[in-house]
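**Student:** Generate coordinates for the entire structure from the input sequences, incorporating the hints supplied.
Chains as they are written, first to last, in the numbering used here: chain A, 1 to 316; chain B, 1 to 283.
What the hints contain is simulated information worked out from the structure, not anything from laboratory work. Just so we're clear, the structure is a prediction, and the values are computed from it rather than from any experiment. Be aware that one or more of the hints could be misleading.
Each pair of labels, with its calculated beta carbon distance range [unchecked claim]:
no. : chain 1 : residue 1 : chain 2 : residue 2 : range
1   : B       : L57       : A       : P64       : 48 to 58 angstroms
2   : A       : K82       : B       : R35       : 21 to 31 angstroms
3   : B       : A13       : A       : A69       : 52 to 62 angstroms
4   : A       : D19       : B       : R35       : 17 to 27 angstroms
5   : B       : W228      : A       : R5        : 58 to 68 angstroms
Stretches of chain A that chain B covers, calculated by requiring three or more beta carbons in the stretch to come under 8 angstroms of a beta carbon on chain B [to be verified]:
no. : stretch
6   : 39 to 50
7   : 64 to 73
8   : 251 to 259
9   : 269 to 275
Backbone N, C-alpha and C fix where the C-beta goes; we use that ideal spot for every residue, glycine too.
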Amino acid sequence: MIEARGLTKRYGDTLAVDDLSFSVEPGKITGFLGPNGAGKTTSMRLILGLDHPTSGTVTVNGRPFAELAYPMREVGALLDAKAVHGGRSAYNHLLCLAETNNLPRWRVDQVLALVGLSEVARKRSKGFSLGMGQRLGIAAALLGDPGILMFDEPVNGLDPEGILWIRNLMKALAAEGRTIFVSSHLMSEMENTADHLLVIGRGRLIADCTVPEFIAANSRQSVRVRTPQPAALSKVVATAGGTVHEDGDGLMVVQGLGVSQVGDLAFENSVRLHELAPAQASLEQAFMELTASSVQFHAGVPVEPELQPASAGRVA
Amino acid sequence: MATTTVPVSTRAALPAARGRAGFGGALRSELTKIRSVRSTYWSLIAVVVITIGIGALFAFGRVQNFSQIPPGGQALERARDISQATETSLFGLILGQLVIAVLGALTITSEYSTGMIRASLSVMPRRGVSLAAKAVVFGAIALIVGLVTSFASYFVGQAILSSQHINSTIGQPGVLRAVIGGGLFLAVCGLLSFGLGAVLRHTAGAITASIGVLFVLFVLSGFLPSNWAVHIDKWIPFNAGGAIWENQSGTSMFSPWTGFALFCGYAAVALAAGLVLFRNRDA
Numbered sequence: 001m002i003e004a005r006g007l008t009k010r011y012g013d014t015l016a017v018d019d020l021s022f023s024v025e026p027g028k029i030t031g032f033l034g035p036n037g038a039g040k041t042t043s044m045r046l047i048l049g050l051d052h053p054t055s056g057t058v059t060v061n062g063r064p065f066a067e068l069a070y071p072m073r074e075v076g077a078l079l080d081a082k083a084v085h086g087g088r089s090a091y092n093h094l095l096c097l098a099e100t101n102n103l104p105r106w107r108v109d110q111v112l113a114l115v116g117l118s119e120v121a122r123k124r125s126k127g128f129s130l131g132m133g134q135r136l137g138i139a140a141a142l143l144g145d146p147g148i149l150m151f152d153e154p155v156n157g158l159d160p161e162g163i164l165w166i167r168n169l170m171k172a173l174a175a176e177g178r179t180i181f182v183s184s185h186l187m188s189e190m191e192n193t194a195d196h197l198l199v200i201g202r203g204r205l206i207a208d209c210t211v212p213e214f215i216a217a218n219s220r221q222s223v224r225v226r227t228p229q230p231a232a233l234s235k236v237v238a239t240a241g242g243t244v245h246e247d248g249d250g251l252m253v254v255q256g257l258g259v260s261q262v263g264d265l266a267f268e269n270s271v272r273l274h275e276l277a278p279a280q281a282s283l284e285q286a287f288m289e290l291t292a293s294s295v296q297f298h299a300g301v302p303v304e305p306e307l308q309p310a311s312a313g314r315v316a
Numbered sequence: 001m002a003t004t005t006v007p008v009s010t011r012a013a014l015p016a017a018r019g020r021a022g023f024g025g026a027l028r029s030e031l032t033k034i035r036s037v038r039s040t041y042w043s044l045i046a047v048v049v050i051t052i053g054i055g056a057l058f059a060f061g062r063v064q065n066f067s068q069i070p071p072g073g074q075a076l077e078r079a080r081d082i083s084q085a086t087e088t089s090l091f092g093l094i095l096g097q098l099v100i101a102v103l104g105a106l107t108i109t110s111e112y113s114t115g116m117i118r119a120s121l122s123v124m125p126r127r128g129v130s131l132a133a134k135a136v137v138f139g140a141i142a143l144i145v146g147l148v149t150s151f152a153s154y155f156v157g158q159a160i161l162s163s164q165h166i167n168s169t170i171g172q173p174g175v176l177r178a179v180i181g182g183g184l185f186l187a188v189c190g191l192l193s194f195g196l197g198a199v200l201r202h203t204a205g206a207i208t209a210s211i212g213v214l215f216v217l218f219v220l221s222g223f224l225p226s227n228w229a230v231h232i233d234k235w236i237p238f239n240a241g242g243a244i245w246e247n248q249s250g251t252s253m254f255s256p257w258t259g260f261a262l263f264c265g266y267a268a269v270a271l272a273a274g275l276v277l278f279r280n281r282d283a
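**Tutor:** In structure tokens:
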């Protein structure tokens with residue numbers, strides 16, 4: 001359980017994290033989303049005590065990170081896979097971390113095997129590929145067999161194979177009952193893995209909900225229609241309270257009405273249709289819409305109450 | 001690496017945790033860190049070779065000069081050379097101190113230049129404990145290597161000087177103190193630089209600052225008018241620290257232990273400043 005209350009961090013004139021309050025619930029994968037520069041990494045650094053908050057508090061299992069008896073047994077973090085001394089072997093890198101928390105040497109061998117680095121354990125990490133570096137970082141996070149794992153943009157720059165590996169690993173870790181807190185600027189990444197979402201933009205929390213809730217609340221559903229009678233359809237749709245815009249080529253996008261409503265309206269008014277399809281907004285679109293104007297959004301739309309029950313029903 | 005399969009279980013049957021992560025673990029960790037990178041070995045070898053080599057060269061020069069003095073004038077010269085025999089053999093410390101300073105700075109600044117500091121602090125967030133463990137491990141290694149270097153320099157130098165019988169022996173008053181002092185001096189030089197490294201966090205900056213404090217101030221002091229020099233010279237870090245291994249006949253210097261204590265004080269200031277900043281700054 002990670003809990004932030006009024007967490008704020010200012011670097012000079014820049015407000016990196018602005019009055020952030022959230023909880024990362026145990027036993028779930030919580031996706032931490034936001035565009036680059038939204039304050040995700042800063043928030044994670046604040047959780048780990050790497051940076052001191054300007055104001056507010058953040059606790060891990062009820063205590064500030066620095067007060068945990070054996071930090072590695074409670075939280076494993078991968079913030080930056082390049083944060084290693086390249087001249088040190090993978091084995092010695094992990095050993096020097098393990099020793100700080102009195103972890104046994106055999107665990108070092110064990111995590112190296114877990115991430116598939118046993119064969120290069122004695123090699124200096126300078127020569128590692130990006131994917132291998134990422135595995136080394138994950139091995140370090142797993143050393144203390146912690147209940148909470150934090151990964152900052154873990155798939156960044158990885159090849160498809162590496163991405164798949166990380167995705168499967170996160171699911172496996174969550175299935176073991178661990179709490180996973182993973183950041184990404186890619187919505188599509190979260191669509192497959194996350195149970196819960198925390199979305200931030202410009203340092204502020206703009207959504208705290210499940211993935212379906214998020215899509216439903218933040219994307220207008222639309223219907224794609226192709227008709228040889230665009231004028232007639234526009235009129236009918238407008239009368240029923242929908243809006244239409246033409247994409248040329250006879251293609252029209254209707255918003256504010258469902259697929260069946262549009263179909264029924266066309267039938268009742270004898271408008272010929274050549275195509276009728278729901279255009280499901282992806283998480284990516286919802287996310288872009290939300291974060292593009294995160295400040296206005298924050299001012300105009302309340303975050304928690306309205307996102308939940310009303311919208312959940314609309315998404316199948 | 002061609003695998004996307006995930007292990008069946010990532011769980012470990014770790015022994016039950018007792019107490020909390022503390023100084024003992026931090027010491028073992030720092031020892032692993034310092035012994036697992038090559039720069040440690042290169043710089044320690046450089047300390048030994050440079051210090052002994054320059055001391056030997058200096059002793060050789062003394063022997064050559066002495067052998068060219070006509071037999072009639074040798075008595076006076078011999079007395080002077082013998083009184084300086086110990087510091088002659090230890091003279092390589094003037095460059096050895098700079099090499100140990102490089103290692104001292106690197107011990108902490110390499111954590112910042114590589115980013116390792118973020119990994120280190122996110123497994124051991126009690127920063128005072130971390131930095132203290134690092135200083136103790138580095139200081140102990142620097143002291144051991146310093147003592148070995150100092151004794152080796154002394155014996156090599158005296159062996160060379162003995163060919164003209166202008167050597168000292170370890171049993172003479174003040175000699176053992178000077179030789180042990182040479183080792184202490186190197187360790188404290190390293191720690192001073194370590195402290196500056198913790199303050200500055202950049203390798204090049206920390207090394208430059210150390211060379212400035214340890215060497216450049218000493219060189220500059222040579223240009224002072226002599227009526228100032230008598231008041232200022234003894235406060236210069238190198239002169240203060242060197243008091244313990246140099247036979248400074250000049251009355252303007254501190255006594256060996258007073259000078260060395262002052263030198264330790266300079267190092268302590270650098271370390272304390274480093275500790276305060278290390279604890280409070282964002283990493």
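**Student:** Against each hint, give a clear statement of whether it holds in the structure.
**Tutor:** Here is what the structure says about each hint:
The hinted range of 48 to 58 angstroms is satisfied by L57(B) and P64(A), whose Cβ atoms lie roughly 57 angstroms apart. Between K82(A) and R35(B) the Cβ separation comes to about 23 angstroms, which falls inside the hinted range of 21 to 31 angstroms. As the Cβ distance of A13(B) to A69(A) is approximately 19 angstroms, the hint placing it in 52 to 62 angstroms is violated. In this structure the hint that D19(A) and R35(B) lie 17 to 27 angstroms apart at CB is violated, the actual value being about 46 angstroms.
Between W228(B) and R5(A) the beta carbons are some 60 angstroms apart, a value that agrees with the proposed interval 58 to 68 angstroms. Interface restraint, the stretch 39 to 50 of chain A with chain B: holds (4 residues with C-beta to C-beta distance below 8 angstroms; minimum three). Taking a C-beta to C-beta cut-off of 8 angstroms, the stretch 64 to 73 of chain A contributes 8 residues in contact with chain B, enough for the three needed, and the coverage statement holds. Note: the stretch 251 to 259 of chain A has 0 residues with beta-carbon separation from chain B under 8 angstroms; the three-residue rule is not met and the coverage is violated.
For the stretch 269 to 275 of chain A, the stated coverage by chain B is not satisfied: 0 residues place a CB nearer than 8 angstroms to a CB of that chain, which falls below the threshold of 3.
Checked against the numbered hints given earlier, this structure breaks hints 3, 4, 8, 9; the rest are met.
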